[in-house]
Amino acid sequence: MDFYLGLLQIIGVHTLLGLSAYCVLLTGQVSLAQAGFFAVGAYVAGMLTVLAAWPLVPALAVAAIAGGAVACAVGFPALRVKGLMLVVATVAFGEAVRLFFFNFDYQVARGGIRIGPHGGEGFRQIRYFPEHGWSTLDVVLFVWSAVALVMAALWWMDRSRAGAVLRAVGEDELAAQSTGINVTAVKVSAMAIGGVIAGFGGGIFAHYTTHIEHVQFGVVLATFAIAYPILGGLSSVFGTPLAVIFIQGFLIEGLRFLGDWRNLLFGGLIVLAMNLRPRGLLDAGSTIALKRLFVRIKERAGAWPQRVD
Amino acid sequence: MLKKYAALAASLAMIAASAIATPASAQERTVKITGFGAKSGVVRVFGVNSEAALKAAAEEINKAGGVTLGDGAKAKITIEFLDDRCNAEEGISVVRRIASTDAFVAVGPTCSNVAESLFGILQKKVGDASDTGLQFPIIADVAAKGGLAKISEWSFRNVPSEFEMYKSLFAWLKTQHPDLKTIYGGVEKDFAHSNATFGVMKAQAEANGLKIAGQSEWLLADATFSTQVREMKRANPDIVAISAHPFTTCGVLKEMERQGVKPKLLIGLTSSSSIETLQGCAKQAEGIIIPTSFAPVTPEAKKAAEQVAKFGGSADLHSAAAYEIVYILKGVIESQKIMARPDTVAADRVKMREGLAALKETTGLLGKVGRTPDREAIKPFLFVHAKDGSWQVLYKPAS
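Residue numbers (my numbering), protein chains in the order written: chain A, 296 to 604; chain B, 324 to 722.
Hints in this document: simulated from the structure, not taken from any laboratory. Wrong hints could be hidden among the right ones.
Said to hold, decoys possible - Derived Cβ-Cβ restraints for the label pairs, each shown as a range:
1) B:H500 - A:W556: 33 to 41 Å
2) A:A457 - B:R553: 51 to 59 Å
3) A:M380 - B:S549: 23 to 31 Å
4) B:S549 - A:A457: 47 to 55 Å
5) B:G690 - A:A364: 56 to 64 Å
6) B:T550 - A:V352: 44 to 52 Å
7) A:L374 - B:T550: 31 to 39 Å
8) A:A457 - B:R557: 53 to 61 Å
9) A:L374 - B:N531: 32 to 40 Å
Think of the CB as a built atom: it goes at the ideal place given N, C-alpha and C, for glycine as much as any other residue.
Could you put together the complete structure from these sequences and hints?
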């Protein structure tokens with residue numbers, strides 16, 4: 296049971312990472328900087344709980360703000376470039392963040408040992424969860440409450456005017472601009488919201504892995520971040536967790552018994568999934584079909600004779 | 324019709340009789356030991372060697388009758404090995420998976436960064452009810468970065484102390500080569516083990532009067548080293564110390580040959596005293612001196628090396644540690660009277676932890692291995708050097 300709960304933690308945190316990229320992708324921007332924002336959140340939250348002995352929730356809030364602030368700062372210059380150039384620019388930013396933490400040394404002496412980020416050797420003993428009596432189930436509930444909140448907020452945003460504006464910019468920037476939409480503000484806002492979500496997710500990541508170091512926040516993680524919403528489909532916020540379950544739950548964990556073959560199958564199965572579902576696992580057609588199904592179930596439930604006692 | 328029923332009844336009776344007639348096979352118990360580590364990526368070879376060593380030792384024990392459980396029954400050891408891809412998240416997941424089974428111990432991991440994370444999820448102090456960390460003993464065979472076992476009282480290691488090894492090596496060099504005055508360091512900076520060990524090398528070099536002429540850095544996945552070697556050439560040191568794994572060690576050595584850098588002495592990282600270095604660059608590595616806790620110099624070590632090769636691996640200081648661990652676990656299972664039954668899992672884990680913590684000495688392939696209070700090993704070691712395409716013993720310090 297503990298294993299499945301642990302897996303749910305991983306899926307939850309990766310869902311947050313994927314959702315951070317989802318926001319940016321809605322505006323038609325392809326950002327590989329999410330791993331950088333995730334790293335900022337991880338280090339900030341870890342330092343606050345370990346070095347400053349802050350409670351977890353305020354530490355995560357500051358991590359989210361830090362992620363958002365960095366994303367906002369990156370958003371402005373990144374707006375000057377588009378398409379592949381934006382990909383290159385955001386990869387460069389992600390690597391810059393990684394290399395910053397590779398060289399970042401801030402240790403303090405406590406109880407005869409030195410604690411805190413230690414350059415290439417990383418930042419160990421971020422043990423807030425076990426030291427404060429959190430069981431694996433408590434952590435899962437916390438992670439998934441956060442995921443539910445973020446998904447609900449994005450779902451609401453998607454259905455509001457703000458969501459329509461984001462998608463309008465993503466569909467046709469020029470047309471959106473001609474209708475009076477401030478494209479710059481929209482793009483920077485999307486990047487900042489993505490940064491907030493990534494920073495928050497990174498903060499949780501640091502606490503369940505207990506040790507963080509620069510290599511965890513490289514291009515591979517950035518690629519995963521963007522792969523989740525693309526593979527899941529951009530028509531709905533629910534596609535991202537579906538893709539995370541497919542990758543983390545099935546491809547990585549479910550196929551572990553295959554040993555060496557797992558790595559060979561990994562890429563092949565992603566290509567297969569993308570070929571079978573070119574618009575994502577949960578595309579617009581599936582979303583409409585699901586909606587119809589829910590409506591039908593609701594209608595049937597309403598049509599059933601009411602019991603009168 | 325009656326005949327048909329009679330035939331069916333006879334068949335069932337025969338099946339039942341045969342089941343009763345083979346009590347030995349029905350009662351045969353097994354103890355599953357799960358290893359985990361990197362079996363993919365750049366450091367894949369370490370996981371492959373560990374798995375082979377675990378299987379080789381288990382086969383030897385099984386051939387000799389297996390392991391005696393707490394209730395007096397004999398059991399065979401089976402080995403399973405899971406790949407964590409040298410990734411901390413996957414390492415945690417693998418350990419949670421193992422801990423969800425009847426397993427009472429796990430052997431691994433390969434990478435020090437994975438060990439740091441998963442030792443962190445274990446309960447820090449035994450019996451601390453306020454700490455909800457996982458209560459599951461893990462003994463590491465490869466992860467070599469210094470001081471990792473102190474992270475949790477449930478974590479143990481059977482890896483050599485690199486601090487002692489390099490302390491001894493530099494002190495010995497001072498007596499053997501008093502003419503050598505300067506040293507240049509090269510480090511694979513993004514790998515926890517090589518990076519941490521470089522600090523040890525540097526400190527010991529300075530402590531023995533060597534002047535640091537400079538240092539170059541590169542990454543585990545790097546393939547070109549011309550800039551780093553050019554800096555090295557400019558410094559013109561007497562000694563070059565390379566703290567890197569076989570893949571980049573060979574890259575640097577080949578680049579040194581290309582640029583004509585010929586120091587008077589070469590020193591390498593413990594992990595590079597393996598067959599991979601000789602397969603990759605035997606000619607360029609000629610003369611490199613490395614301290615190691617394994618070489619096939621005793622009858623036991625020679626036999627172990629042959630056994631590991633049978634399972635498709637090669638014996639080096641890391642896989643030899645895995646081989647020794649299986650024997651250590653056998654000893655603890657028998658001394659602690661571990662039952663290895665589904666209903667005794669929690670108790671067996673505690674017994675295994677207590678048994679491992681109580682060890683003061685174990686038997687290694689090169690001799691007796693001491694155990695420290697912080698659950699680390701004090702392994703005998705020797706200095707080897709690459710000569711004519713093989714590792715040969717250069718010096719064995721007095722233990």
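Structure-based check of all given hints:
1. B:H500 - A:W556: 33 to 41 Å: This hint is violated: roughly 50 Å between Cβ atoms.
2. A:A457 - B:R553: 51 to 59 Å: Roughly 55 Å apart at Cβ, these two residues keep to the hinted range, so it holds.
3. A:M380 - B:S549: 23 to 31 Å: Holds - the Cβ-Cβ distance for A:M380 and B:S549, about 30 Å, lies within 23 to 31 Å.
4. B:S549 - A:A457: 47 to 55 Å: holds, 52 Å
5. B:G690 - A:A364: 56 to 64 Å: Cβ of B:G690 to Cβ of A:A364: about 58 Å, so the range 56 to 64 Å holds.
6. B:T550 - A:V352: 44 to 52 Å: Roughly 47 Å apart at Cβ, these two residues keep to the hinted range, so it holds.
7. A:L374 - B:T550: 31 to 39 Å: holds, 35 Å
8. A:A457 - B:R557: 53 to 61 Å: Taking Cβ atoms as reference, A:A457 and B:R557 lie about 59 Å apart, which means the hint holds.
9. A:L374 - B:N531: 32 to 40 Å: Cβ of A:L374 to Cβ of B:N531: about 56 Å, so the range 32 to 40 Å is violated.
Of the numbered hints stated above, those contradicted by the structure are hints 1 and 9, listed in ascending order.
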